[in-house]
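First to last, the protein sequences are chains V and U. All residue numbers for the first sequence refer to this note's numbering, where the first residue is 22 and numbers rise by one. All residue numbers for the second sequence refer to this note's numbering, where the first residue is 1247 and numbers rise by one.
With a cut-off of at most 25 angstroms between alpha-carbon atoms, the simulated PhoX-like pairs for lysine-lysine come out as follows:
1) V/42 to V/140
2) V/29 to V/93
3) V/140 to V/72
4) V/69 to V/42
5) V/29 to U/1296
6) V/93 to U/1296
By construction, these hints were calculated from the structure, which means they are not laboratory data. As the structure is a computational prediction, the values presented were derived from the model and not from experiment.
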Amino acid sequence: MFKLEKEKTVSTPYIMIDEQKGYMTFSGESFPENVLNFYSDVTDWIYKYLKTDFSSFTFDCRLVYFNSSTTKLLLNIFSAMDDAAAEGKRVIVNWTCNTYNEIIIECAEAFAEDFKNMKFRIILDENMQ
Amino acid sequence: MALTSERIIIAHSGAMTQALVERYAVTLRAEIGDCAAYAVFIEMAQNIMKYSAERLDDYGCGRLSVSLMRERCIISAVNPVTELMRRELDERLTQIIPMNRDELRRLFSERIRTGSGGSGGVGLIQIAQAVCEPLCYSFEESGGIIGFALSAAVLYQ
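Go ahead and model the full structure; you've got the sequences and the hints to work with.
Written out as structure tokens, the structure reads:
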């Protein structure tokens, strides 16, 4: 079973994946120099995992800022998650945004509108930092 | 406007490395907190780093400044671009600048769905979503070099 934990830095988020629990979380900021390289161990795992016969997968996203390259990466991950949900698998995104961060909220809403098969919850938290 | 009403937080000229983007990001967070200007700054800094036509050790060169003027945070960038980039930027910005919030949101959804325009295209839409007055841009040619200038004003509480 795959497990991954990366500490956050100024430009990269805290990442935790626990395949046994069907759980992944990102929190912090994401603007690495090379997004594809930074997230390669996440993407290598998740695209294979989403094709397996898992019972439930939850992604808690608590990014306070992410650049446009990360937006594209999230889009690709959500697209694969939504495809898995379309096959009847239980896939949940809990996206927590600071109540006052309109850019992140609009981005989350755009994703939620585009991916209808999985459960996409947007949670507003005024204390989120 | 009197110069004394403007407070310059960052003034950069030269190669924009990832290490510098991170150092400036820490400074800016401490100065302005969770303001949309932060997102605009990082996007513009990384645009210089990745796309400037003038390179030094694989990093793009340009000028970037952040200043506070009354209730606004002004982020201004200048960097050399190629002729092809000039045409693409001009086309994208001509489309984006007159758009209202709903139109920008629809365009953002369309771009992320179709993957068109690359991450740079999505980044410009996100910058346009953050500003409190229309984005200003210009191209200036001198000695065969095309300079692209972009300025964004974001409300700062």
